[in-house]
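Heads up: the sequence lines are chains F and W, in that order.
13 is the number of the first residue of the first sequence in our numbering; add one for each residue after it.
348 is the number of the first residue of the second sequence in our numbering; add one for each residue after it.
By construction, these hints were calculated from the structure, which means they are not laboratory data.
Just so we're clear, the structure is a prediction, and the values are computed from it rather than from any experiment.
Treat the hints with care, as some may be off.
What the hints assert, rightly or not - Here chain F is said to cover these stretches of chain W; the calculated rule only asks that three of the stretch's residues, wherever they fall, bring their Cβ under 8 angstroms from a Cβ of chain F:
no.: 1; region: 377 to 389
no.: 2; region: 453 to 461
As the list claims (entries may be wrong) - Only pairs whose alpha carbons sit at most 27 angstroms apart, straight line, appear in this in silico DSSO-like list of lysine-lysine:
no.: 3; chain 1: F; residue 1: Lys122; chain 2: F; residue 2: Lys83
no.: 4; chain 1: F; residue 1: Lys54; chain 2: W; residue 2: Lys417
no.: 5; chain 1: F; residue 1: Lys70; chain 2: F; residue 2: Lys126
no.: 6; chain 1: W; residue 1: Lys404; chain 2: F; residue 2: Lys54
no.: 7; chain 1: F; residue 1: Lys54; chain 2: W; residue 2: Lys402
no.: 8; chain 1: F; residue 1: Lys54; chain 2: F; residue 2: Lys126
no.: 9; chain 1: F; residue 1: Lys54; chain 2: W; residue 2: Lys365
no.: 10; chain 1: W; residue 1: Lys418; chain 2: F; residue 2: Lys27
no.: 11; chain 1: W; residue 1: Lys365; chain 2: W; residue 2: Lys402
no.: 12; chain 1: W; residue 1: Lys418; chain 2: W; residue 2: Lys404
no.: 13; chain 1: F; residue 1: Lys122; chain 2: W; residue 2: Lys365
no.: 14; chain 1: F; residue 1: Lys17; chain 2: W; residue 2: Lys400
no.: 15; chain 1: W; residue 1: Lys417; chain 2: F; residue 2: Lys122
no.: 16; chain 1: W; residue 1: Lys360; chain 2: F; residue 2: Lys17
no.: 17; chain 1: F; residue 1: Lys27; chain 2: F; residue 2: Lys126
Cβ coordinates follow ideal geometry from the N, Cα and C atoms, glycine included.
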Amino acid sequence: QQQVKQSPQSLIVQKGGISIINCAYENTAFDYFPWYQQFPGKGPALLIAIRPDVSEKKEGRFTISFNKSAKQFSLHIMDSQPGDSATYFCAASIGYGGSQGNLIFGKGTKLSVKP
Amino acid sequence: DVKVTQSSRYLVKRTGEKVFLECVQDMDHENMFWYRQDPGLGLRLIYFSYDVKMKEKGDIPEGYSVSREKKERFSLILESASTNQTSMYLCASSLGGQVSPYEQYFGPGTRLTVT
Chain F
13 QQQVKQSPQS LIVQKGGISI INCAYENTAF DYFPWYQQFP GKGPALLIAI
63 RPDVSEKKEG RFTISFNKSA KQFSLHIMDS QPGDSATYFC AASIGYGGSQ
113 GNLIFGKGTK LSVKP
Chain W
348 DVKVTQSSRY LVKRTGEKVF LECVQDMDHE NMFWYRQDPG LGLRLIYFSY
398 DVKMKEKGDI PEGYSVSREK KERFSLILES ASTNQTSMYL CASSLGGQVS
448 PYEQYFGPGT RLTVT
């Protein structure tokens, strides 16, 4: 029930296309859903995050869509660029501080954007 | 900018050696974490700490221990390194409390090879 399931494991998109990565969860107590981006040789960094009181959040070319009833959320990258090539992790969390603030990560999606 | 530094980028150790991985954060964060990252398995939490001298087991603590004597420093210890502990190790920190508690800031990682 603590798992976050992420798909696909890898994704190849042409430059200018739309990249879509999906995540699903079971625990309805999760109340924070971030996406992290990791470039080779670097640690993950927060890209965008959403709370369950909204269905969509957009920051530039990156959008999170959230479906509370289906317990699913997804990352959409519009006009994908070769510089977006990275590994993307979805995550979920409960509550504040202590062990309840821990992030549960999906297994990651390796995105390659072809020029 | 939050900075999380890890003592080594690459480390090669022999089976049975005691290994210390050091992590330092400079933003007075309450929470600190150690993960290992393996292809296809994502980020798995080893140990975390939400206060000095406090530690809690994550999902895969076996074969590891931690130490947090000062707020800014969190050490991961492999008591007797084994080949199955060859991995990328990532340290992270987060603010804690009830103000933006969730975002985790990651270090660049230490790639450990045990031969």
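For each hint, the structure was consulted:
1. Counting residues of the region 377 to 389 of chain W whose CB falls under 8 angstroms from any CB of chain F gives 6; the rule of at least 3 is met.
2. Using a Cβ-Cβ cut-off of 8 angstroms, 4 residues of the region 453 to 461 of chain W lie near chain F, which meets the minimum of three, so the contact claim holds.
3. A threshold of 27 angstroms between alpha carbons decides the hint, and for Lys122/F with Lys83/F the separation of about 23 angstroms falls inside it, so the pair holds.
4. Of the pairs offered as hints, the one joining Lys54/F and Lys417/W holds, with about 25 angstroms between alpha carbons and a cut-off of 27 angstroms not exceeded.
5. Straight-line distance between C-alpha atoms of Lys70/F and Lys126/F comes to about 24 angstroms, which keeps the hinted pair within the 27 angstroms bound.
6. Proposed proximity of Lys404/W and Lys54/F is supported: the alpha carbons are some 25 angstroms apart, at most 27 angstroms.
7. In summary, the hint linking Lys54/F to Lys402/W is supported, as the alpha carbons are separated by about 26 angstroms, within the 27 angstroms threshold.
8. Taken as a hint, the Lys54/F and Lys126/F pair is honoured in the structure, with Cα atoms around 21 angstroms apart against an allowance of 27 angstroms.
9. Distance hint between Lys54/F and Lys365/W is fulfilled; the C-alpha atoms sit about 26 angstroms from each other, no more than 27 angstroms.
10. Our distance criterion of 27 angstroms between C-alpha atoms is broken by Lys418/W and Lys27/F, whose separation comes to about 44 angstroms.
11. Restraint check for Lys365/W and Lys402/W: the C-alpha separation of about 20 angstroms stays at or below 27 angstroms, so the hint holds.
12. For the hint pairing Lys418/W with Lys404/W, the CA-to-CA distance comes to about 18 angstroms; that is within 27 angstroms, so the pair holds.
13. Note on Lys122/F and Lys365/W: the hinted pairing is violated, with a Cα-Cα distance of about 33 angstroms set against a maximum of 27 angstroms.
14. A hinted pair counts as satisfied when its Cα atoms are at most 27 angstroms apart, and Lys17/F with Lys400/W does not qualify at roughly 33 angstroms.
15. Note on Lys417/W and Lys122/F: the hinted pairing is violated, with a Cα-Cα distance of about 36 angstroms set against a maximum of 27 angstroms.
16. At most 27 angstroms may separate the alpha-carbon atoms for a hinted pair to count; Lys360/W and Lys17/F exceed this at roughly 34 angstroms.
17. Distance hint between Lys27/F and Lys126/F is fulfilled; the C-alpha atoms sit about 6 angstroms from each other, no more than 27 angstroms.
Hint check: violations occur at hints 10, 13, 14, 15 and 16; the rest are consistent with the structure.
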